[in-house]
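Participant: Using the sequences plus the hints, can you model the full thing?
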Amino acid sequence: MSEGVEAMSTIALVQEPEHAFTQPSKGRVAMFCVIIAESAIFTIFVVAYIYNIGKSLYGPTPRQVLEIPIFNSICLLSSSLTIWLSEHAIERGKVKSFGLWWGLTFVLGAIFLAGTGVEWHKLIYEDGLTISTNLFGTTFYSLVGLHASHVIIGLIALLTVLLFTVTGHVRQEHAERIQILALYWHFVDAVWIIVFTVVYILGR
Amino acid sequence: MADSTYPMPGSLAEAPRQRWSQAAILEWLHSWVTTVDHKKLGILYMLYSIFFLLVGGVEAILIRIQLMQPNLHFISPQVFNRLFTMHGTTMVFLVGMTYIFGFANYLIPLMIGARDMAFPRLNALSFWLTFFGGLLLYYSFIGGGGLYGQGNAPDVGWWAYAPLTSRAFTPGHSTDYWALSLIVTGFGTIGASVNVVATALCMRCKGMTLMRLPLFVWLNVVTSALALITITPLTAAQIMLLIDRYLGGHFFDTQAGGSAVVWAHFFWIFGHPEVYVLVLPAFAIANEVIPVFSRKAIFGYPAMAAASVAIAFVSLGVWAHHMFTIGMTSVGNAFFVLSTMLVGIPTGIKIFNWIATMWGGKIRFATPMLFCTGFLVQFLLAGLTGIMLSVAPWDWQLHNSYFVIAHFHYVLVGGIVFCIFAGIYYWYPKVTGRMLSETLGKWHFWLFVIGFHITFDLMHIPGLLGMPRSIYTYEANRGWGTLNMIISIGGLIQAVAVLVFAVNLVWSYFKGKEAGNDPWDAWTLEWAAASPPPAYNFATDPVVTSRRPLWDLKHPEDPDWKYE
Amino acid sequence: MLAKCFRCVNCAARSLCLLAVFLASHALFAEGPLSTPSIFAPASTPASSIYELSLFVLAITGGIFVTVAGLIAYVIFRFRQHGQDDVSEPAQIYGSTQVELAWTVIPVLIVVVLFLTTARMIFAIQDAPKPKSALDVTVVGHQFWWEFNYPKLGIRAVNELHVPLSSPQDPKPTFLTLLSADVMHSFWVPQLSGKIDLIPNHVNNLWIDPQHPGLYVGQCGQFCGVQHAKMLLRVYVDTPEQFAAWVKNQQQPAVSDDRVAEGRHVFETQACMNCHTVTGTAATGRFGPDLTHLMSRDTLASGATTNTPENLREWTRNPDTYKPGSLMPAMQLSDQQLDQVTAYLATLR
Ligand code: HEA
Ligand code: HEA
Ligand code: CUA
Ligand SMILES: [Cu+2]
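Residue numbers (our numbering), protein chains in the order written: chain A, 19 to 222; chain G, 1052 to 1615; chain L, 492 to 840.
Heads up, some of the hints might be wrong.
[As the list claims (entries may be wrong)] Distance condition first, Cα-Cα at most 20 Å in a straight line; then the derived SDA-like pairs of lysine to any residue: (1) A:LYS44 x G:ASP1508; (2) A:LYS114 x A:THR178; (3) G:LYS1413 x L:GLN572.
Because the hints were derived from the structure by calculation, they are not lab data.
Facilitator: As structure tokens, this is what we get:
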């Protein structure tokens, strides 16, 4: 053995006693991964939106046509609360109240989506703002549309679970899966806060 | 310790040796198409990757033939532009992104003592998404012309700078195929990455703490985490591009106030971390091969893991070093110079740790180790040319010159492809039960090394002499001709080497030496399973007490766990 | 301290580099009269500063390479297995904090040095003040050709840039403002300065102060479509007298010669005039190059071919002969029309 090796002294560690060996739930880890990936997509769209604020060469401008969707936002944000209540219910095995809160969540989400539909209808048919009208239109429909598409996916998932609940297939042992799905819904809500701030406050 | 598992009927080694009746073929095919087994999917990923390495390589050879001499008319400028775009896209997305999941899928469950990935069906879905994404890209050769008779196959470069990609400058559908294909393969990548992270965090066998994970697994987790946040910005940018092209949007439409610079930012926010996504799994392979063939434990395990995390982290903040010539402010330029140079530090740590691992060992230069040694030297030089490029004023000269092409082929071929080869020589016995021929392996190695150096060492010089990239031909009086001729000859030598490799893969599958469970006298769990491993991997769930469970078994007098 | 170390290292590296470049560009690879745009043959301040910096960086990275590659070579030869029968395992070493700390700290120091020298150079070049005596030129990139506007002189030149010589006693740098009419291009004349992109909707700047008269070649440095390869650049560095004479000529309106009236008629009645300008005629198109002083240029179509009457005729007949995919269509003129137009164009000095 050469001297060089001797110089790199080895450090002996005492072996620790084995702890109980627990690992995180794979569903939760996967959902966190998906959320991280989705966050990156939204970040890019949000950056594109912010960068292009005020860069449109012709109208209509956000100030002229956008109305702040307060009722909509309240619906969506409160759905985070209702889904949280339903998570609690299923954890304790109260399937009935779970179904109730879950259904309410779905309704709130649906109202939000309908509200977006109404808003877009007005923008397109009254204000003549489409995705190709100007930069504002392009970035607005893309960002809000991206979020809306996530709401749609969420609603489909919510509906599926709702159907299972109604047909009596959801039991307490599904609590974990339901919580994972709820994570996604919380994420969609949280993103709305950012989209809302950027589009309706910063951008107006 | 579960070192006694038995080959089961239906595992890879048996399947093709059945009698080839029509029904048997169909059943065999069906079993591959519908498989959710991580090993079969891993093999599919690898075959896919190797296939496209050949395709992309053929494209490279055509490029090189055209550039052999000034003013050649071997292929038209239009075709040349398609070729280098397809070459770059193929190599990065269809070769680079798939070899990662080939190795990861096959090896991670075996290394952590699991029976499969966390989500087997998601795994299959991810592979097939990637598969169809690749088909979509190549389908553009047929469908890209559209109704306009415009050129088929994308021809905008793999970075696809706006506004060249807008409908005004690139009519036809080729660019749409390009964008769509990358979105689709992107979803495949996201699915596979989620799976890798979830598997490594949640499916480990008893005793396999995070600090005992083989470094291979560590690096793949970092890679996948990085892929999750880098592939998605590309997806976002491609969606914007399609909105521009199909819905008349204006994101990158400079006529309507959109910005070409924003595309460049978005692309490189993806593009730079992407190159580390490609290289970290190559490091992962080196981390397994170098210790085993040096007969020593990896030097500085925690530092190796930490350095990988550091590389991933820093690499998120360096993207604009691809844009030094785009006209940023001096402060902006200086910032990206610094962040880029910082990446050299954790990377240096890795190189030094590998050298220290070899130091004092008894190095056996079997083919996998030969490739890893080549990788070590080449990656060192490639990193140093990277440092030269990161010197912004110098990059104002070197940007988009053949110096950059030389830099990144040095990393991509000299680093990654060398490690892929090392990995294949190392794990082929595990996958097929047979050794690859060492004789052919040595031929492959030496031909490839020689070809590689003839091509890519010399390629730096035309760059310094002012030769830009992406040109289909050049003037005779520039003094680049002879150099390019030699470079192209090097490319042909590489092609011969790759052919030798392909022959080796096929020949050894039928005629190779029987491998046994543990031909390299290695230390990680996959070598405790049979070769090829049965569908369920391990008959009993393994329990580990150190980083090198098989070392502990073989050296009960001096087990690893005492030192960790 | 930094500056001194910079000079010192440079000295050593320079002689080596010069030798290598000399060999590479001249002795080994001669193919007739060469004009190699080597970045190691600078002729203007930004290019020479970059050259100095590059030698410094080369020396440092070269040092790292020799050290680390030396280590690898040593390890390969010193620690290889001797004979197949030597199966005992070497001593297992798991790490060493001191050593690992050392090889973290030393690179940190190197990075600090590299960064400081680089940053200094970035500011020196990019934020250099613009002297009063500077000449302004606005460069506009078009798909596969260059337009050079001299706003103060009222000149619109094409493809071949003329700039005055600059010397330390009589500084006459040229400050370029760069724009694009369509897609991204990049202005790169290696011997004069680094490159900078021409981007639609985004103004960039660059300056040069060429110290030796002569011709400097370069080409578009950003992929911009089919004929990116033939978007060549020629910069003529003129002595003050030459430059004044050139300016004077360019400021004249187009020569009007009655002997080529048929040719001019063809030019004005065919679509040519939709894309090209010839001052003093009906032709005011802006899509293609200004042809007012076509014959003052040495090359056609940004260097695709030399400017001779035969080439001019062939170019007009079918541009694809020299530049397949260029945006000028073949105009399907008859042989007679071709002769006439060529004769006309040949008078546009
Ligand atoms: C796997 C792929 C890979 C990897 C690992 C790297 C690694 C690095 N790259 Fe490279 N790069 C590419 C792939 C890669 N690159 C590609 C594909 C492109 C072109 C894309 C295109 O335009 O098409 C590119 C382009 C590119 C550019 C832009 C050039 C241009 O277009 O103008 C730059 C500029 O800074 C750069 C720098 C670096 C640096 C600093 C590293 C560092 O990570 C290197 C770090 C390693 C070392 C430094 C060596 C080991 C360290 C030591 C021995 C310690 C001591 C050293 C010091 C203290 C310096 N790269
Ligand atoms: C992993 C990535 C990777 C790999 C492995 C390679 C491998 C090679 N590359 Fe490539 N290259 C890129 C990634 C890669 N490249 C990228 C990202 C670009 C930028 C694209 C852009 O600008 O848009 C690029 C661009 C690029 C250019 C510049 C084009 C231009 O700008 O004009 C050149 C030119 O020489 C080149 C050459 C080569 C060569 C000679 C090889 C060789 O190493 C190839 C060796 C392999 C083979 C030769 C295969 C052998 C094939 C057979 C034996 C045939 C088998 C037969 C059957 C199919 C049945 N590459
Ligand atoms: Cu203009 Cu390339
Ligand atoms: Cu990079």
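Participant: Holds or violated: are the alpha carbons of G:LYS1413 and L:GLN572 at most 20 Å from each other?
Facilitator: holds, 4 Å
Participant: Does G:ASP1508 sit within 20 Å of A:LYS44, going by the straight-line distance between their CA atoms?
Facilitator: violated, 46 Å
Participant: Given the proposed pairing of A:LYS114 with A:THR178, does the C-alpha separation stay at or below 20 Å?
Facilitator: Given that 20 Å is the threshold and the Cα spacing comes to 16 Å, the pair holds.
Checked against the numbered hints above, the structure breaks only hint 1 and satisfies the rest.
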